[in-house]
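Residues per chain are reported as follows:
There are 4 protein chains.
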Amino acid sequence: MKNSFGSSVSVTIFGESHGAMIGAVLDGIAPGIDVDEEFIAHQMSLRKAVGSISTARREADQVKIVSGVFNGKTTGTPITMIIENQDQHSKDYGELAYKARPGHADYTAFMKYHGFQDFRGGGHFSGRITAGLVAAGAIAIKALKNKGIYIGTHILSCGGVFDRSFSADLKNEIVRLGDSDFAVLDETVKAPMIEKIDAARNDGDSVGGRLETAVYGFPAGVGEPWFDTLESVLSHMIFSIPAVKGLEFGDGFGLADMKGSQANDSFRSSDGNVHTETNHSGGILGGISNGMPIIFRTAIKPTPSIYKEQQTVDMRDMTDTTLQIKGRHDPAIIHRARVVLDSAAALVLCDQLALRFGTDWLAETN
Amino acid sequence: MKNSFGSSVSVTIFGESHGAMIGAVLDGIAPGIDVDEEFIAHQMSLRKAVGSISTARREADQVKIVSGVFNGKTTGTPITMIIENQDQHSKDYGELAYKARPGHADYTAFMKYHGFQDFRGGGHFSGRITAGLVAAGAIAIKALKNKGIYIGTHILSCGGVFDRSFSADLKNEIVRLGDSDFAVLDETVKAPMIEKIDAARNDGDSVGGRLETAVYGFPAGVGEPWFDTLESVLSHMIFSIPAVKGLEFGDGFGLADMKGSQANDSFRSSDGNVHTETNHSGGILGGISNGMPIIFRTAIKPTPSIYKEQQTVDMRDMTDTTLQIKGRHDPAIIHRARVVLDSAAALVLCDQLALRFGTDWLAETN
Amino acid sequence: MKNSFGSSVSVTIFGESHGAMIGAVLDGIAPGIDVDEEFIAHQMSLRKAVGSISTARREADQVKIVSGVFNGKTTGTPITMIIENQDQHSKDYGELAYKARPGHADYTAFMKYHGFQDFRGGGHFSGRITAGLVAAGAIAIKALKNKGIYIGTHILSCGGVFDRSFSADLKNEIVRLGDSDFAVLDETVKAPMIEKIDAARNDGDSVGGRLETAVYGFPAGVGEPWFDTLESVLSHMIFSIPAVKGLEFGDGFGLADMKGSQANDSFRSSDGNVHTETNHSGGILGGISNGMPIIFRTAIKPTPSIYKEQQTVDMRDMTDTTLQIKGRHDPAIIHRARVVLDSAAALVLCDQLALRFGTDWLAETN
Amino acid sequence: MKNSFGSSVSVTIFGESHGAMIGAVLDGIAPGIDVDEEFIAHQMSLRKAVGSISTARREADQVKIVSGVFNGKTTGTPITMIIENQDQHSKDYGELAYKARPGHADYTAFMKYHGFQDFRGGGHFSGRITAGLVAAGAIAIKALKNKGIYIGTHILSCGGVFDRSFSADLKNEIVRLGDSDFAVLDETVKAPMIEKIDAARNDGDSVGGRLETAVYGFPAGVGEPWFDTLESVLSHMIFSIPAVKGLEFGDGFGLADMKGSQANDSFRSSDGNVHTETNHSGGILGGISNGMPIIFRTAIKPTPSIYKEQQTVDMRDMTDTTLQIKGRHDPAIIHRARVVLDSAAALVLCDQLALRFGTDWLAETN
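Chains as they are written, first to last, in the numbering used here: chain A, 1 to 366; chain B, 1 to 366; chain C, 1 to 366; chain D, 1 to 366.
Derived by calculation from the structure, the hints in this document are not laboratory data. These numbers were taken from a predicted model, which means no experiment stands behind them. Note that beta-carbon positions come from the ideal geometry of N, C-alpha and C, so glycine has one too. Some hints here could point you the wrong way.
[To be verified] Only some residues are given here: those of chain A computed to face chain D with a beta carbon under 8 angstroms:
| id | residue |
| --- | --- |
| 1 | T77 |
| 2 | L355 |
| 3 | R356 |
| 4 | G358 |
| 5 | T359 |
| 6 | W361 |
Just chain A, same shape as in the assembly:
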């Protein structure tokens, strides 16, 4: 299947940037879980465009649940969530019907869909489609929290400015990130990062960055040795988030330059509970969770919509031309993308847990 992900817990997303509605169908989540519409709205707000560092397009992003919830709880059947598009300015996109924006999917969409794709605002390729993922993910994040599993993402770097990494106080850090409008661990890096974004915007340009995600409280023994390793299923989901071009678990690329004696995490036991003294492996060994925090970092490329003139092709006859993009665009998406990472990871982990422990597990009280 194409726009669906997951096996026991699955999500299907739909919609286009300038269509009538976008949304998601979340299926297989255990029956009897509280659906907290306020929390969903809160999560949606974390993805919203605000201030000068985001696009001028402002969407209410009100999530309407039209199936799968009864008396405020999940029923176990498909939860359909729809979000109306309200602030489309489709007239901005005339020339973009045939001129491929560099760095965007316009050309590849044309090669796949033969010109029948909805090109307005990137259509089905738009980052806007992640709103459905965030809505579905909000239910997954809440369900995991009920089981003592916390997920959080911070902006590790933006425009070359770096945040510090997660500390031993992980659970509290994750809780704090959940309420932050610009998710960094070291608040002093926020202003310099925003400066970088503003500078890029003023220059008609854009910046990228890195996100770091941590999962606290995930049980050991979940994942598979081959093909459906925990890294594999997470990466499958994460590399489908627009702009993600790199992913590493634990020390990731840093491990390539280590010796085995540096990279191996020693096991230690306290009261029969096993932990590792370091966490170079990011909580996953042999594709299976070891009970330590799951840690991964993603590379987010700079937004491809820039206002500088660019060289491209006219897809009507595949000849050279130039393009100057107008309209409303994000000079950076990294601050909006972090909640997408949390949501995407939560959906994957719910699926893995349901496969491992059965479809009711997420709703069972410990």
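With chain A's structure known, arrange chains B, C and D on it following the hints.
For chains B, C and D alone, kept in the frame of chain A given last:
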């Protein structure tokens, strides 16, 4: 499914390091493709342990095809390939039945399989299982070559020594790598890399590295916008290869520090054929191929089997203990892993092409 | 996945009988296919409750397409179709929150969803959910017709009254069925069938029947020898339609009493085109289409909602009780179910064709 | 995927009638289950050709387990079982390289595989491939028995002679069937059935029949409302068994002629345990098990290999010709097919249980 991957073209792998046989079932490959047993043997030889830089375990790795090939050609039905294990020294592994080797899957396997896993030599988690993947991949690589699609991987770094990247002469570079016993583009880095491996071995330690893979000739318009993006399906497969902890496409993490104006690849046309002037995106935009070379890099962690004493737990009662690994181990696997990368990627791409263009496409003459 | 079906072309359905909306997401259908909203409305009308032989609940069943269609054509991305519920009388269902209706899914839903299911009107188990399937199927039926493939279903029996079977004039018969409000081949059996339904209704009872489906023009060579045989994938879909309890292909159960010499269909050739002289196998041999019409018959059990007093259990404490159902119900569903069969089969066949010939095939002009 | 079935517990089958080996990979079965090689051999013996009522081809069918079993127990990783072909007479098949046997898959295989299929003895379409299914199924049947779930199939009809149906003494009947070499409930019908088979054989012809399968002890609440209904997943598997052309659950086609008041099964409770007074629904309501025995019947067409002259086409140029089949063939397969039904159903049910209750459930002691 767990040990199976792919949809239209799929592979299932099985076996344990010290079991009777390992192997693979390759299903869905188009009927009528020549099966070149010499090429399969050649590919197997690229994965073999040789010299001082690999384990002393020496396996013939003779692939026996027991189904799915008739009169030297694929039939379209499952191709089963079995490889007998011959050089197991299971007695070396006594203590490892209950002491978890740091960096290995012993502890996580225990938490998943409750002690019933075959622990000998890592069992089903062993890198040895990749031999089945290489056997299946050999058929996929050959099928792709018939369609003008070439895949090659080189050792970008090993123990901190770096090779150069692929050049514009990509197709020829890939062909040359196919015959190399230590796959580097710049032959002068080979000796320093091997020195690093030998030094680690002499020190009872191990080294990691980076692999860089290129796919030449892959058609535009293949992949999906969501969930089954080309990056997603490749990453799903690649993160299931043991020791892979990082993956990036195109400029990957480097894109995080670029501006949009630097990262975007300009489109240009010559005679109606579109290309990009740079290839920061690694041949994939919006999850779909753009016809440029697909480029990705993987981080390979150092082999966790080292001879130094390590701290770990006794899994019989989860108490602290120490462990000194004996037996035969690889001080580095990066030179053996590169053919695994080629094989894994080829299987994914065959699947994607069959899904896009139909089950016969791979066997059709252009 | 649970409420999704298909691989290359897939459908996801959602909603409850008394919820806000029901609908479907149709994904993977080739780009560039005309979406004929009038035809969709026509297909929906064939499923509508009309006259005395159906429930008194009357729904407009207006299908609103909110994604995946642009300029009147499919884009290749998910087509989301929503239908608002308008004529729910939820107050009719008070006692049914805890008393299991015999023949319905109330008890099994309770055992699966632990009481959190939406019980109103059968919730997600309601036959009403097939409206989404019919909406999605309308696009599939139209796409198949463009390729010369016609699907039609008639009421082979109802309340013990039998229609004749399809004749050699199959294509025309299918076309005629498409416009019929009570789909029989022999018009003289219509009145006696309706009499049986009316008699059952007057008696507070219900009747079942048989449907016979034919597919004309389906190409040879589609299907798989194992697991995904054409019978297998069709049956998977068809046995998920509520009330279906039997399915046979070709002469089906009749073949059990034949000799091989009677059952085998002789092959004959005319101008290089192969056909069989008889079609006992229903167009499928070894799981693969042979180019002859695909024929299958389904058994539809009588509607379980009857007005007679029945013995059942109170699910609050699992004790014996009695139940007399009130509210609005269908004394027969067979005349409404036939378009569901057409729709379901069309979705399966589109998926099979896309897997076999590629994702663009359905939109290509012959 | 094509030759694989199942999600949490899956099976992949491979091989050809006259190839080197056939076999199966069983994946996802819980770790720690005893593997009883004697029971596997016993199950294989139930499928073997014996006496005059089966083919003269005699295979030892010795199952060799080459992975996934350690110290006599399942490890949780893929169990690969291989069976060598020993009694092939490939020379018998000369003419069959190009003449399509009526009722067989030769023509459809040709249309799918373009002549590259292994045609010898039906190749990958041969009923012989079910030997792998029986080997894998033996492990599944034993695992279910450990959980109190029993599966049995009897010959309900053969050549027009009928056995009685299952009685209330179901569990004991299933146990008795397990040791029978010709599985009927009423022993007096055995001789007349065998007479019918012998008579057909003497006439160069063949007979078909019906199988009836019962599952005792299956828990309530397993299955899905849509697409993966219990009937759907069972039918998907069962319709891939060669020669199956019909399938009905509970009273099946008989329900089509009933009134709702006759067809509905009343619920009754004893000590809080709910049962139904009748079992017209065959243990499944709304796609989900209700705790009653699961009952289904399959139609097995007569073996298509007959010795009478038949009309067919020469596939080299698609012209008319005649064919007289020589070689060794089964005049009936129904007595050999029943263990295939048990095996196939057991694999499906293990998968459903693992999806519902988690991957360890099958190995847990109650």
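Against chain D, with CB atoms and a cut of 8 angstroms, does the hint on G358(A) hold up? Status holds, d = 4 angstroms.
Holds or violated: is the Cβ of T359(A) closer than 8 angstroms to a Cβ in chain D? The hint holds - T359(A) has a Cβ within 8 angstroms of chain D, the shortest such distance being about 6 angstroms.
Supplied contact hint for R356(A), tested at 8 angstroms Cβ to chain D: Status holds, d = 6 angstroms.
Holds or violated: is there a CB of chain D closer than 8 angstroms to the CB of L355(A)? Status holds, d = 6 angstroms.
Would you settle whether the hint for W361(A) is holds or violated, based on the nearest Cβ-Cβ distance to chain D being less than 8 angstroms? holds (7 angstroms)
Classify the hint on T77(A) as holds or violated, based on whether any CB of chain D lies nearer than 8 angstroms to its CB. holds (7 angstroms)
When held up to the earlier numbered hints, the structure conflicts with none and fits them all.
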